[in-house]
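Whole structure, please, built from the sequences with the hints as guidance.
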Amino acid sequence: MIMGEYVHSVTLDRDACRGCITCVKRCPTEAIRVRGGKATILKDRCIDCGECIRVCPHHAKRAVTDHLADWERFRYKIALPAPALYGQFNNLDDAEVVLAGLLEMGFDEVYEVAAAAELVSDATRILLSRGLLERPVISSACPAVLRLIRVRFPQLLDNVLPLVAPVELAARMARRQVSRQMGIPPGEIGCIFISPCPAKMTAAKNPLGTAKSDIDLVVSVSEIYPALCSAMKRAREPGEDLVTAGRTGIGWGRSGGEAAATLHERYLAADGIENVIRVLEDMEDEKLHDLDFVELNACSSGCVGGVLNVENPYVAATRLKRLGRYRPVACNHLEDVIPPEAKWDREVDYTPVLRLDKNPLHAMELLEEMGRIEEKLRGLDCGSCGAPSCHALAEDVVRGYASEDSCIYVLQEKLEAVMNAMMIQDLEREREETEL
Amino acid sequence: MSGLHYHYEVPGDDVTRAGEASGAIKSTLKKLGFDPGVVRKVAIAMYEGEINLVIHGGGGVIDVEIDGEKVTMVLEDHGPGIPDVSKAMEEGWSTASDSARSLGFGAGMGLPNMKKNTDEMTVDSTVGVGTKVTMVVKLA
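Going down the list, the protein sequences come from chains H and R. Under this note's numbering, the first sequence has 350 at position 364, and the numbering climbs by one with no breaks. Under this note's numbering, the second sequence has 326 at position 113, and the numbering climbs by one with no breaks.
Treat the hints as calculated values from the structure; they're not laboratory data. Among the hints, a few may not be true.
Said to hold, decoys possible - Calculated lysine-lysine pairs in the DSS-like style (CA-CA distance at most 27 Å, straight line):
(1) K244(R) x K29(H)
(2) K300(R) x K345(R)
(3) K273(H) x K329(R)
Unchecked claim - If you want the ones that stay clear, here's a sample from chain H, every Cβ over 10 Å from chain R, calculated:
(4) P43
(5) E82
(6) Q141
(7) A217
(8) M350
(9) E354
(10) R364
(11) E390
(12) Q411
(13) E421
As the list claims (entries may be wrong) - Label pairs and their in silico Cβ distance ranges:
(14) R0(H) x G250(R): 24 to 32 Å
(15) H218(R) x V301(H): 46 to 54 Å
(16) E282(R) x E361(H): 20 to 28 Å
(17) E333(R) x Y336(H): 48 to 56 Å
(18) R230(R) x M408(H): 44 to 52 Å
(19) G250(R) x K362(H): 29 to 37 Å
(20) E233(R) x G22(H): 33 to 41 Å
For each residue, glycine too, the CB sits at the ideal point set by N, CA and C.
Next up, the structure:
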């Protein structure tokens, strides 16, 4: 994977795509157009939420992830299982067997993301108690939400929790620990995230809030699922205590888990990208000023709703609750100091991809032009032109990406005008001929 | 450059629709690439004003003008009017009904919050005739 160049975790299978507008209509940032009969992603608008993968009826949208076979290049392989992974299996009383299964599969070490999540929760509480952040503080753990805020809600960037996501902290701590204890050079250690989420792939290759990610590979839950199931059967007797996370860390896999772990009462947890957008709109209008913390997850039910999972999100969320019940509240703690590797080392800047032009005066002219174009369109938002709405088509036209004739109704009117003109010509010619 | 004009009719009988006009203006300002601080001020001031139109004014009209220097919002209703405008500008003073309060409105922050978020604000109100609020947010 090339670093630096902006990489998205969603790709199109051109043969499978029929050019229907299902994904175009559902994209929360209007980042998809049908061009030449195939869906095209406008790269700088895409936030990697995975909604298009979820809704495509032809399975033409796919997540780009690394594959387990890529682990060959590492001398020492550390599995970083997302808490959501524990919710994929039936009849589990604790996550021990899942972790034993990962070792059985060939991983040399397991470091639970849920354990790092408890440290992020501690760090969050420390930051909240210091009161230096703009309230309500918004969670930064969901990479799609972070990208959404960056392109659409710049006013709220100051409210975002300046901490790395649990998986990033897990990778950093695991690499350091193994390198120190086993004397292995950090570069020969592979930190392999077992992910429910395509946006985590983008976050690992093009991180926000930090210069470089420590995650070497992002492999989907669904890819390792079959091999892990059989490895779990072989590894039926886990000897050691592998589970190091408590109820708090495991709860991070479902919506509300992170917010509850702040131990603040005035919080809100919203999940599903449309609901997230509504909450962010309300925050912009200062309607939620009486809250301390806002947890936002792009997927319904939280990370268990990620498109790379196997199990129904609601079932998985219920299982996480059950798995947490037999665990201590939390098993990993910070001593009032936030380690530097848990903090952002750079700011996340506003990327104004929605603005029409750098120059506001020119943007106003374009907006006026958009208004004139929209008057010609029917306002049916039929999507036949390949844009999600008439408004979006008008915007594409003034940006120079499309022409008014992309609208089948505009085209129809033009054709009718041409046909009428031809008929009149014919009539006139006939008349002239009879007069002669 | 004449500027952009937007006109909104705000119905007085549907509180769930309050916020539609200010939401539309917010997204327009983002398209124009205005400074996030300006967008925030306009969004908050206009949202508060729109809520006032519905809660107190029985609905009304909003006219927004955007030019290269400022955003001007004019909100007008034919409601009961405000008997004492200077009193209404004090934080915490409210005449909202119990039903409005139960929806979370009526904390007495409306007009003060609008003033706080605008560069100029004038309130013309006549009891029994209506209220006209004019707000200006400057771009620089």
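Evaluation of the provided hints:
{"no.": "1", "hint": "K244(R) x K29(H)", "verdict": "holds, 18 Å"}
{"no.": "2", "hint": "K300(R) x K345(R)", "verdict": "holds, 16 Å"}
{"no.": "3", "hint": "K273(H) x K329(R)", "verdict": "holds, 15 Å"}
{"no.": "4", "hint": "P43", "verdict": "holds, 29 Å"}
{"no.": "5", "hint": "E82", "verdict": "holds, 47 Å"}
{"no.": "6", "hint": "Q141", "verdict": "violated, 4 Å"}
{"no.": "7", "hint": "A217", "verdict": "holds, 49 Å"}
{"no.": "8", "hint": "M350", "verdict": "violated, 6 Å"}
{"no.": "9", "hint": "E354", "verdict": "violated, 6 Å"}
{"no.": "10", "hint": "R364", "verdict": "holds, 20 Å"}
{"no.": "11", "hint": "E390", "verdict": "holds, 19 Å"}
{"no.": "12", "hint": "Q411", "verdict": "holds, 41 Å"}
{"no.": "13", "hint": "E421", "verdict": "holds, 52 Å"}
{"no.": "14", "hint": "R0(H) x G250(R): 24 to 32 Å", "verdict": "violated, 43 Å"}
{"no.": "15", "hint": "H218(R) x V301(H): 46 to 54 Å", "verdict": "holds, 53 Å"}
{"no.": "16", "hint": "E282(R) x E361(H): 20 to 28 Å", "verdict": "holds, 27 Å"}
{"no.": "17", "hint": "E333(R) x Y336(H): 48 to 56 Å", "verdict": "violated, 27 Å"}
{"no.": "18", "hint": "R230(R) x M408(H): 44 to 52 Å", "verdict": "holds, 48 Å"}
{"no.": "19", "hint": "G250(R) x K362(H): 29 to 37 Å", "verdict": "holds, 35 Å"}
{"no.": "20", "hint": "E233(R) x G22(H): 33 to 41 Å", "verdict": "holds, 36 Å"}
Hints 6, 8, 9, 14, 17, counting from the list given before, are not met by this structure.
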